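Assemble chain B with the ligands onto chain A, guided by the hints.
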Amino acid sequence: MIEATSQSVDVSDVHKRYHHNEVLKGVSFHVPANTVTSVLGPSGSGKSTLLRSINRLIPIDSGLIRVGDNIIGYEERGGKYYELSDRDLCRQRQRIGMVFQNFNLFPHKTVLANLVEGPQVVLGRPKRETEEEARELLASVGLAAKADEYPGQLSGGQQQRVAIARALAMKPELILFDEPTSALDPELVGEVLDVMRRLAEDSSTTMIVVTHEIAFARDVSDQVVFMADGVVEASGPAREVLDPERSPRIKSFLMRSTR
Amino acid sequence: MSTPTHETAPEVVTHFVSLKHPWRIAGIVLVLILALLLVITVATNERFQWDVVVGYLFNPRILAGLGMTIFLTFIAMVIGLALGVVIAVMRTSASRTLRWSSSFYVWFFRGTPVLVQLVFWYNLGYLFPELTFGIPFLEPFVTVDTNSVITPLLAAILGLGLNEGAYLAEIIRAGILSVSTGQREAATSIGMTRYQAFRRIILPQAMRVIIPPTGNETIGMLKSTSLVSVIALSDLMYSAQSIYSRTFEVIPLLLTASIWYLVLTSLLSIGQAQIETHFGRGALAEAGVSGRGMSHLLRRGGKAATR
Ligand SMILES: Nc1ncnc2c1ncn2[C@@H]1O[C@H](COP(=O)(O)OP(=O)(O)OP(=O)(O)O)[C@@H](O)[C@H]1O
Ligand SMILES: [Mg+2]
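Just so you know, the protein sequences line up as chains A and B, in that order. Going letter by letter, the first sequence gives residues 1 to 259 in the numbering used here. Going letter by letter, the second sequence gives residues 1 to 307 in the numbering used here.
Hints in this document: simulated from the structure, not taken from any laboratory. Worth double-checking, as some hints may not be accurate.
Claimed, not checked - Covered stretches of chain A (chain B as the covering partner; in silico rule of three or more C-beta atoms under 8 Å from a C-beta of chain B):
no., region
1, 81 to 94
2, 104 to 111
3, 115 to 125
4, 148 to 158
As the structure is a prediction and not an experimental result, all values here were calculated from the model. Each residue gets a CB set at the ideal place from its N, CA and C atoms; glycine is no exception.
Next up, chain B with everything else stripped away, as it sits in the complex:
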């Protein structure tokens, strides 16, 4: 009743003064100084033998090994993705037999070391000297010598691909589960078959969740391929090793290999960012972000969802 009210004319704000962040600036300066010191120390240390490192970068054996590493990574990921989709769909199937057998697959191939799996495939000829194709208890159609079929390369492809399938199946399953059931119902209600709904509605949306961890898997695979040296396949790591075992330039050759791994990883990261932007279309429009912020936001969202 008697409280006086202070009437003030509304002010028009014309500009804002941003908050200063002195600690952030101090942090940036510190990081830059440390980085510079590190670069100088490493670059000027003669024991790193940078001339040797660079000299081997385009060595034919290193390049051949690099080719093998890229080939194995690619083929193992392709097999892994194909298997992963099939197993992930089986795991969400209504049939108990399909669910259990796919769960068993994931349990087994995730639960045993890749190294053991590689050695197993490599020694298949010792365990089963002959491979026969036909109907059990009847005369087989074809019988072949196992060792003539399972070459080291095929053993590596099988070992890495089947193992990767188990990991990707889990990633893809998480992606499928992240799409709401309403999406499947909507697709079904416009008359789509189960396959059409999966291919056109479910999978593209699941991709947002699937891609970030699959990028991780690909980069992991790049380095897992170095395990194939145990079955005498010469990938990048094996080539480096076989050179330094003669020349004893251990550190420089490991650096040469590492530089190539870093180059490949960088290329993969760039590719991943582009694929993420592609599959994030609707979600990005919704969040109202554009340009570079897009893939950043997506990567965060994707990671949170798969955790």
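The following block holds chain A by itself, in its conformation from the complex:
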């Protein structure tokens, strides 16, 4: 079994507008390989938009996003950037996992089928091997017994753990999390954060986590990126960025979140 190597992410001067609403106004930051970066910031600051543009669920207007050696969505030839075809884009996305706020499991497939869908259909890997791996992954998120159930039969916390396992089944070099615990009842948040914490410690995958969980950001991440109004207001180690003295915006964000 070949373990995926993790990749660095380089976001430079990314702009994105919806009609007259400029959502990303020149976002730049760097994520070294095999590290965890938390993205924090008030609602509407453009965190989800940024995350979605990293695997090109949405196209950007200008700027450049690199994951490892790949430029997302484009190919450079002779100083020009050519837009990639759907097929080539899919090849880039195969190596980038994503976990959504609303889980987005495939409701018409069993838990196990959710996990093997990508490896079998996208990567064309054999059934037995992928099912074995999927069962191991399910065990690692504490859901070995749920393999044959449908997502609708699971609690929110369990669904999100399945969603994380589904992303991992593709052996991604980078995983993006968009507020993975925001849709959960408070008592279910812990079990998902535990899985993510273990992932951060044990695996070599690069993680970018958009979250409102300040404690998680403080404890787990190597770097915190604080976004406000479409730009990166501050980035660096958690204890430096999450300092109320740093800026009034960070102060008010911390006050609201720790209530």
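Chain B with the ligands alone, transformed into the frame defined by chain A:
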């Protein structure tokens, strides 16, 4: 402070007495009596000529007509579904040209009577005596006599299939729209191509919404095929008509045809229920229902969603 509290030991409930529904029972009795009266009246009325009805059930001409009806319904629905998927996808496309042309198609084919469309295809030879294939303004590759290509059967298939495509496109579009955008995003994020996401994630979920009205459409098509008698194709209805125009046994032959239509409709309903159960897997598990309740629940859900 001083209000006395009444402490009572918790009782263990061992059994419940169900509520009686006297009016429901009265209703059931009334319906049964009426049904029995109806059956007796119809069965014993000699003017229905039940012996004639039964006698014609397996008449070769009736059976040939039945075959034609089944064939036309099947082929028109297959063409309609294929066209419907393509047009539905075009209608959700990012390209304005594709959206508009598909909207025009739906507008035109839903907006004109099927009868007119059938007659149009049948008379294509009058409007365009020759069909040529080639590049405009250059020497054509092939030229054929229209009437030799457009047989009544082909005219019927085109007329019914193209018309059905417009209706099914709307049904399929509603199905596609009923699947949340998060599903497409999730499929995309594991690296699926647009086609894979549509085929494996979007369409199977859309099916729950698509199937109930498509069942309706199929049953409607079964009876729409009787319109092909105007272009001299002998389907079930036409066969019945051509027999009673000689024998004047109008009512019995209409009953013979109706019995066959009812048989076909029943078979279709059974098939529909099974397909619904198949595509409802995840949703059924979620609702915690099993067995017969499944398809019932699905049908209700599907109808509500397409309204
Ligand atoms: N598809 C879209 N069309 C138009 N505007 C959009 C779209 N998606 C996002 N926006 C706008 O972009 C801005 C940033 O949205 P985004 O979802 O990135 O914020 P966020 O930081 O993730 O907020 P939250 O914490 O609430 O999730 C918002 O003003 C939003 O209205
Ligand atoms: Mg968001």
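Hint check results:
1. 81 to 94: holds (count 6)
2. 104 to 111: With 6 residues close enough to chain B, the hint holds.
3. 115 to 125: holds (count 5)
4. 148 to 158: holds (count 5)
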